[in-house]
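> Go ahead and model the full structure; you've got the sequences and the hints to work with.
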Amino acid sequence: MFTIVDRRLNPSGKSLANRQRFLRRAKEQVMRAVRDASAKRGIKDIDMGGDISISPDGIKEPTIQRSSTGGARNYVVPGNKEFMTGDKIKRPPQGGGGGQGNEGADDGDGQDEFRFVLSREEFIDLFLEDLELPDLAKRKLAVTDSLDWHRAGYSVSGSPTNLNLVRTMRNSLARRIALNRPTGEEIKALRAEIDDLERTGHDRARLAEAREELTLLLRRTQRIPYIDPVDVRYNRFDATPRPAAQAVMFCLMDVSGSMTEHMKDLAKRFYMLLYLFLTRRYKHVEVVFIRHTHKAQEVDEETFFYSPETGGTVVSTALEEMQRVVDARFPPSEWNIYAAQASDGDNALSDNGKTAQLMKEVILPICQYYAYIEVGQDGMSPGLAYGGGARETDLWRTYKSVAEPVLAMRRVTQRREIYPVFRELFAKDGVAQQAEAGA
Amino acid sequence: MSIITSLGNVLGGGAAASGEPLYQGADWDYDKVRRVYDAIEQVAVQDLGLDTYTNQIEVITSEQMLDAYSSIGMPLFYKHWSFGKHFARDEAMYRSGQRGLAYEIVINSNPCISYIMEENTMTMQTLVIAHAAFGHNHFFKNNYLFKQWTDADGILDYLSFAKEYIGKCEERFGHTAVERVLDAAHALMNHGVHRYPRRRTPDLRNEERRAREREEHRERTFNDLWRTVPGKAGGASPLSDRDRRRAMLELPEENILYFLEKKAPRLDGWQRELLRIVRHVAQYFYPQRQTKVMNEGCATYCHYRILQTLHERGQLTDGAWMEAMHSHTNVVFQPDFDDRRYSGINPYALGFAMMQDIERIASNPTAEDREWFPDLAGRGDPMGALRDAWANYRDESFILQYLSPALIRKFRLFHVADDARDPEMKVAAIHDERGYRAVRHALARQYDIAWAEADIQIVDVDLVGDRRLILEHRVLNQVLLDEASTKAVLQHLADLWGYEVELEEVDPATGARLKKHTIAPRRVLGSPI
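For the protein sequence lines, the chains are A and B, in the order given.
For my numbering, count along the first sequence from 1 and bump the result up by 3.
For my numbering, count along the second sequence from 1 and bump the result up by 525.
These aren't lab readings, by the way, just hints derived from the structure by calculation.
Each residue gets a CB set at the ideal place from its N, CA and C atoms; glycine is no exception.
Hints should not be assumed to be uniformly reliable.
To be verified - With a Cα cut of at most 20 Å, we get these calculated PhoX-like pairs of lysine-lysine:
#1 B/K951 with A/K93
#2 A/K357 with A/K403
#3 A/K267 with A/K298
#4 B/K788 with B/K817
#5 A/K30 with A/K63
#6 A/K84 with B/K693
#7 B/K666 with B/K817
#8 A/K63 with B/K1012
#9 A/K357 with A/K298
#10 B/K688 with A/K17
#11 B/K1012 with B/K1040
#12 A/K84 with B/K1041
#13 A/K403 with A/K363
#14 B/K1040 with A/K91
#15 B/K693 with A/K17
#16 B/K817 with B/K672
What the hints assert, rightly or not - Sample of chain B residues with no beta-carbon within 10 Å of chain A, all distances over it, derived:
#17 Q567
#18 M773
#19 S922
#20 R946
Said to hold, decoys possible - Far from chain B, by Cβ distances over 10 Å, these chain A residues were calculated:
#21 S71
#22 G156
#23 L217
#24 V235
#25 V328
#26 R332
#27 D397
Here it is in structure tokens:
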């Protein structure tokens, strides 16, 4: 007598609760690992789970162990080939397995790193939690209005193309039955009978009666229409405004020699946040990387962040390049266009006028949002780099003169400021108010 | 949701008589499993004389097997982050291919639950059923340690209670508070078992009977003269303060969790209950830690014998037999000490070899065997001898009793003594006439849990002073405790106790005090007094 139980259908993930407890316990280390991992990742890959390894501190489970050195020990091991009683053997190097069968390392200890896999959701949660991202759904984003039609029940009026035949015929049938409209068969049968009677010629009384009946039926048929306007139903459609489901994000960056690795890292983090933010709002997000020195070009991500470049700094070239790309691939009527520019604030003096004009007349009108991030050396405000106190950089002054609500500007010098700045920028109303207050 | 299929007792008699294979091919289905189970049961009961709990075989997926790993194989268990940690690591290793999954997990409960994985072939299922559902099951039901320390009928109910209770505590007192107590309790888990049966509190009926007996005894031996004997003057009690205190606190005590549960001054009721739960779980697994070689040896021997018998009767195809033997030889493989794959003595290999050896000695002994095992050699009935060994020994005593010179030669075991004071290690004994007893003795020691684990006892509490808890480590062979791990565990102990904790390492032979660890509580678990 025995039982077989099929447990395969039991809900899986029985250890989920334990896993959550583990992640909570090791939160600090996991967060650090996620931060490190996200720094190494490409912008678009930020949205995936993955392997992480954390140091085993803090998730140790200590038990009292005997020391692994000192004292007298005895081992019994198999596989003697050459030893005789009384032979001397050199000690194997510390930790070597030469025959210390009774000293199994305790679980988890003895490992340098603890590796495990985070799922996509866990990764994003931790990433966002680290940045204390607010409830993004409540933020207002500019949307382009296009109408989305969807079915919304039936109506008694509408265009003939929207006629709902099934519903109409059902109403008609119900009405015909209720009002007792003669059916085609009844009339046909009566007509046949009349024909028969006329041909044979006897039973005139029945003929007259039948004719009477027929006129009555025909009159009823005329009075009660097959389809009455009250039967007719139309499919009703409701229009809802819908945001364009696609967005393009332009990453503009100055890659001239004055931009250090630290500045690029700050910029990258900002781009990552923006990407994450946009992917939560739009079904499809494209990223375009435009780097510039004294000339600009569209490049891939790898080149954008890691390929060194030298030259002067002419910002307007990047804006022109962006305009070119938009014209070629992203018509503003179909795409939500976001741009984020990172720079140390350097610009050729002669270019400032052109840049301001381009921004005002070309770029800002097509953008949903244009964020300008001025990155500085760690611990130093960007202005100070010039030694002239809190002097404003060329680009900052130029953009300030443009002053449109879609243009937001912030300075960032340290990693920890990235998120607050991001939040400020995307609390759109707040920015507008602050801009007014600042003006 | 689960499908529960209950089976009538359909004996595989027809198939056995005609000698037809029970199944063909690799795929398994419920019908085949039933047929095979019945055939195995017949062999196990009639040929091997096994006595098992009712079996419950559960089919699970590999993911569920991973789940089961993380809760020490139990079908239900309380929640704690450490299980999540183990799961995360096992999963990462499994997914990266560094580690395979166990073929089976079997639980010492009544009914005895064995898990089989859906991915396995029919032959693997056969092997697993013979191994777990009969081999392990018989051992669980009959070994004296399991009988003494575990309650197979009650364990699942108890775990269900524990899970619920700890869940409620988490709701009521917060995750962190519960986690801290469990962390501390887990650190002391190895020191939360009773190693010797305690005196049972007599039940009321016995109490009454004993009271009556005492009364009768008094009446029988009554002599009025005793009244006239002058009593001792009411002087000081012969016991010193320390002895009285120790008697009152029932010290020394080696079950640290038990002592804390009963005597820690500041713990709340629910915290004591958590300690109790962890202690019970530790106690439940205590026999398993002492019988690895025997348990696996018994199960491996059983599956080997059962499958061999089925094959001989033609109920197992040659292909299936070869597949089973492939797995079997993998399991009982013992690499030499200088092999890269060596990681200690494989309990399956040693256990299986010893079981086979007992069978050989009982039925076909050599002159040497007759000299070494006068009672066993040539007595016949090898199964009776094996069942007797399975019932009455644990690893240490089993090896001391049954490891034969032939087997020592076969494994080429040798004993290495490593004294830190000497520059080199010394080969103390090898597989020769002079060495057999020494090797056997040393190997048995290696499996004696009392030798493998540090002997730590609570010896005193400074009740009049600062309530310091005083523990003693009786140092064996001058091996002191590992500083870092001991400090970490003592920290947990101090947090539970609520006051300072002191651990002294003492050489029991000379009485020399070798080292002292003192730790003050960092955050007291429990309420202020």
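> Indicate, hint by hint, whether the structure satisfies it.
These are the hints, each one checked on the structure:
1. B/K951 with A/K93: holds, 9 Å
2. A/K357 with A/K403: At roughly 14 Å apart (the allowed maximum being 20 Å), A/K403 and A/K357 satisfy the hint.
3. A/K267 with A/K298: Distance ~18 Å between A/K267 and A/K298 Cα, so the pair holds.
4. B/K788 with B/K817: violated, 34 Å
5. A/K30 with A/K63: holds, 14 Å
6. A/K84 with B/K693: This hinted pair is violated, its Cα atoms lying about 59 Å apart.
7. B/K666 with B/K817: The hint holds at about 15 Å.
8. A/K63 with B/K1012: Roughly 13 Å separates the two Cα atoms, so the pair holds.
9. A/K357 with A/K298: Holds: A/K357 and A/K298 sit about 14 Å apart, inside 20 Å.
10. B/K688 with A/K17: holds, 13 Å
11. B/K1012 with B/K1040: holds, 13 Å
12. A/K84 with B/K1041: At roughly 43 Å apart (the allowed maximum being 20 Å), B/K1041 and A/K84 break the hint.
13. A/K403 with A/K363: Holds, because 11 Å separates the two Cα atoms, which is no more than 20 Å.
14. B/K1040 with A/K91: violated, 31 Å
15. B/K693 with A/K17: Given that 20 Å is the threshold and the Cα spacing comes to 18 Å, the pair holds.
16. B/K817 with B/K672: holds, 16 Å
17. Q567: holds, 13 Å
18. M773: Its Cβ never comes within 10 Å of chain A, the nearest being 27 Å, so this holds.
19. S922: holds, 16 Å
20. R946: The claim breaks: B/R946 does not keep its Cβ more than 10 Å from every Cβ of chain A (closest is about 8 Å).
21. S71: violated, 7 Å
22. G156: Consistent with the label, A/G156 stays out of reach of chain B, its closest Cβ about 38 Å off (over 10 Å).
23. L217: holds, 67 Å
24. V235: holds, 50 Å
25. V328: holds, 41 Å
26. R332: Holds, because the least Cβ-Cβ distance between A/R332 and chain B comes to about 40 Å, which exceeds 10 Å.
27. D397: Fine: 51 Å to the nearest Cβ keeps A/D397 off the interface.
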